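Asks: Now for the letters of each chain:
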Amino acid sequence: MIIRNIKYLVLLFFACTLVTCTENKPIIPCLSCEANTTPINPETVIKKVLMEEFTGVRCVNCPQAKIEIENLQSDNLFGEKFIAVSYHAGFFARPYNNSKNDYRTDQGDVLIEFLDQPIGFPSGVINRKLFSGEGDLQIEAFATWGGFVGQELEETAIMFLDLETTYNASNRVLNVSVGITPTQNISDDLNLSILITEDDIVDVQLTPEGIVEAYAQTHVFRTMITNTFGDPITDVLVANQSTSDIYSFTLPNEWVAEKCKVVAFVHHATDSKEVLQVEEVAIIK
Amino acid sequence: MRQLPLIFLITFIYATSLLGQDEKGTLSGSFQANANFFLRDSTIGATNTPQYDHQLYGADAWLNLNYNYSGFDVGLRFDLFNNSNLLNPQSSYTAEGIGRWYIKKKIDKFSLAGGYLYDQIGSGIIFRAYEERPLLIDNALYGVRLGYDLGENWEIKALTGRQKQLFDVFSPNLKALNIDGYISEDEANWSLSPGIGLVNRTYDDATMQRIVSTVSTFSVTDSIAPSFNTNALTIYNTLTVGNVSWYAEAAWKTEDVLFNPFATKTNRDGTTSLGRLVNEKGSVYYSSISLAGKGFGLTLEGKRTENFSFRTNPFVSLNRGMINFLPPMARFNTYRLTSRYTPAIQELGEQAVKVDLKFRPKKNIGIELNFSNITDLEDNLLYREAYSEIQIKKKRKWILTGGLQFQQYNQAIFETKPDVPLVKTFIPFVDFLYKIDRKKSVRFELQYMNTEQDFGSWVFGLVEYAIAPKWTFTISDMYNSDPKKTDKIHYPRIDLFYTIKSNRFSVSYVKQVEGVVCSGGICRLEPAFSGFRFTANSTF
Chain A
6 MIIRNIKYLV LLFFACTLVT CTENKPIIPC LSCEANTTPI NPETVIKKVL
56 MEEFTGVRCV NCPQAKIEIE NLQSDNLFGE KFIAVSYHAG FFARPYNNSK
106 NDYRTDQGDV LIEFLDQPIG FPSGVINRKL FSGEGDLQIE AFATWGGFVG
156 QELEETAIMF LDLETTYNAS NRVLNVSVGI TPTQNISDDL NLSILITEDD
206 IVDVQLTPEG IVEAYAQTHV FRTMITNTFG DPITDVLVAN QSTSDIYSFT
256 LPNEWVAEKC KVVAFVHHAT DSKEVLQVEE VAIIK
Chain B
5 MRQLPLIFLI TFIYATSLLG QDEKGTLSGS FQANANFFLR DSTIGATNTP
55 QYDHQLYGAD AWLNLNYNYS GFDVGLRFDL FNNSNLLNPQ SSYTAEGIGR
105 WYIKKKIDKF SLAGGYLYDQ IGSGIIFRAY EERPLLIDNA LYGVRLGYDL
155 GENWEIKALT GRQKQLFDVF SPNLKALNID GYISEDEANW SLSPGIGLVN
205 RTYDDATMQR IVSTVSTFSV TDSIAPSFNT NALTIYNTLT VGNVSWYAEA
255 AWKTEDVLFN PFATKTNRDG TTSLGRLVNE KGSVYYSSIS LAGKGFGLTL
305 EGKRTENFSF RTNPFVSLNR GMINFLPPMA RFNTYRLTSR YTPAIQELGE
355 QAVKVDLKFR PKKNIGIELN FSNITDLEDN LLYREAYSEI QIKKKRKWIL
405 TGGLQFQQYN QAIFETKPDV PLVKTFIPFV DFLYKIDRKK SVRFELQYMN
455 TEQDFGSWVF GLVEYAIAPK WTFTISDMYN SDPKKTDKIH YPRIDLFYTI
505 KSNRFSVSYV KQVEGVVCSG GICRLEPAFS GFRFTANSTF
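These protein sequences, in sequence, are chains A and B. Residue numbers for the first sequence follow our numbering, beginning at 6 and rising by one. Residue numbers for the second sequence follow our numbering, beginning at 5 and rising by one.
Hints listed in this document are in silico derivations from the structure and should not be mistaken for laboratory results. Check before you lean on any hint, since a few could be wrong.
Only pairs whose alpha carbons sit at most 27 Å apart, straight line, appear in this in silico BS3-like list of lysine-lysine [what the hints assert, rightly or not]:
#, chain 1, residue 1, chain 2, residue 2
1, A, Lys-105, B, Lys-505
2, A, Lys-105, B, Lys-421
3, B, Lys-179, A, Lys-30
4, B, Lys-428, B, Lys-401
5, B, Lys-444, A, Lys-30
6, A, Lys-105, B, Lys-397
7, B, Lys-474, B, Lys-397
8, B, Lys-443, B, Lys-505
9, B, Lys-161, B, Lys-285
10, B, Lys-398, B, Lys-298
11, B, Lys-109, B, Lys-179
12, B, Lys-401, B, Lys-474
13, B, Lys-421, B, Lys-398
14, B, Lys-439, B, Lys-489
15, B, Lys-398, B, Lys-428
In this text, all values refer to a predicted model and were calculated from it rather than measured experimentally.
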């Protein structure tokens, strides 16, 4: 009886080995083996990807996420094709008593709801796209962001954004010109969102090594120039025909214009919120 | 199309009612509903979620129906989430639909099942499809199961399918094979219950493409070679000799892509940071031995875990996409303050021992002693608990329970808080139940947590008055008597329970303290709760 039963176990063991047959593993492209030196030609339509990160000064793992963003933005990886915006929003964004400023904004609070509250921090939304297998737009595991970005960059760009700024330092008035040139006819309901970020804001941040008082925050979301959910694009988007809009905004005195950038992106305005194209320029070149 | 299971079930019940005049089918079921009415209270942090800001209400409900006829067993469950905070305590989730359906049939030695299936292999270390509603864990396998009786005491089963993800499924495929047996001899005082199981997970092309795309951003030194297939094997056995029972299980997993928040990553500028995908083999060794005698019980448990996060894909975190279940090694505490610091299971590495001793020096006195010690694989302390409890009974009159708990809790690891010391607590507690008469009873709880760390010391008191079998009324308060982070705040709670036959209803007013739970480099806020709560539980 026992022998017969053991026989079954042995049979099972051999059956088990069937599923462990050698498989053909995927080939990993080595992006770091040779530098990605393709110049970004403004005349060429290059797909760019937007990462909207949700962060906070009390989020201990967020500095690691910031390093990952900088890593992905390095010239020999995605470079300028990867554009990041960091919203300080949610529980972990409450300032400390000795924080110089509160980086939370009403618009950030609205957008964290609009883009699905992350289940944990840090978290990022990539191109506002619901990727297959994901329950919502938020991707919490920052070490995997590069994969999503890489996948998005493989998509063909269907429009070119011509983003230009002029800035008057005396009255701090910023003019933003956004030109949209689609490569195909587009009849979807689309919105244009334009926002301002600021780099190198030095303030208190919780890190894995403890609270750091002089921590440099980067691509901090400051404000939307358009409506929080973007302004509807009312022009008919016809292949190779450009449309443009101009926006004006006065920079508050406490923002350092030299550290500020304008980010513009076109995105779906229906059930899908997916970003089709994004562009970023510094306010002062 | 989503209503297909419902149509099938109704058709099946109707058809069988026409067919069988002699044999009647059995319809049974259960219903569970929770409704929360949110009252904003910024003093305890019950704020800044959609429910507190503008929705004001949230509900979750499950209606489960099972029908058995002529060896067929079919079931259907309707799930509802209206502005629910179960999925994400900081957000609002609304969806409803068929959360589960299944069909099972036994034909001679074969057992067949299809639909959303709950099952496990061994203690669940390599595979456990289960439901845990308070955490919105529903890891049912959406697939089929084929079982076959190999003999009187042996069964083999095979499962294949995909894991449920709310009202959808994850893309990777799962397969499992399991043999369970029982060996003994007539009138022998020993028995063996051996088993062996295997689980295989195969990534779909899209998941693999995403992994490849992620790994391609790594430096050459950090690059990994992921496999489409990962296998996990477990061998387990329970040996029973007289009143001694010894369970042992060993599980191994082939290389699997995991997110390791502590792995060093080399960045493009040559600097390093923490957190990247790794491709590691894993193992778990778990054993428990129990000795039971007259008025005496001793259980020893040990576990060692290394790289045994086993999920549908490496992009999910916290309690999402878990294929397996690692048995916790800390005592399951039920009192409010003794359960405040509970260690989260460390999937990537922990080793733990637990001792539980129960004895009765006299017929009316019961004593329980428990010790748990959990460290990482480098022997750094994660959690230590010493627990003692004595219970004295006066038959039909009163029960007095008292005890002490000592804890050391590594908050820096469990909650990813740098520079915080070990939380050391000392908790005396007492619980006194007095039976006024045959129906009425009153119960008092008093607990005090003494600690210099985290939020500081707490006091908890509760009074419960019950009129059997229908009514229970409780009032309690948790109060931070020596706060380190906040003002002194009361967290009162009032509950009214009504039970009639197999139905139980409750209405509560709750103020509940907030907490932070971290796992795998992701921290999740468990927000404070302030408001009214209604629950209904019914079986029929």
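Asks: Which of the numbered hints are not met once you compare them with the structure shown?
Replies: 1, 4, 5, 6, 13, 14, 15
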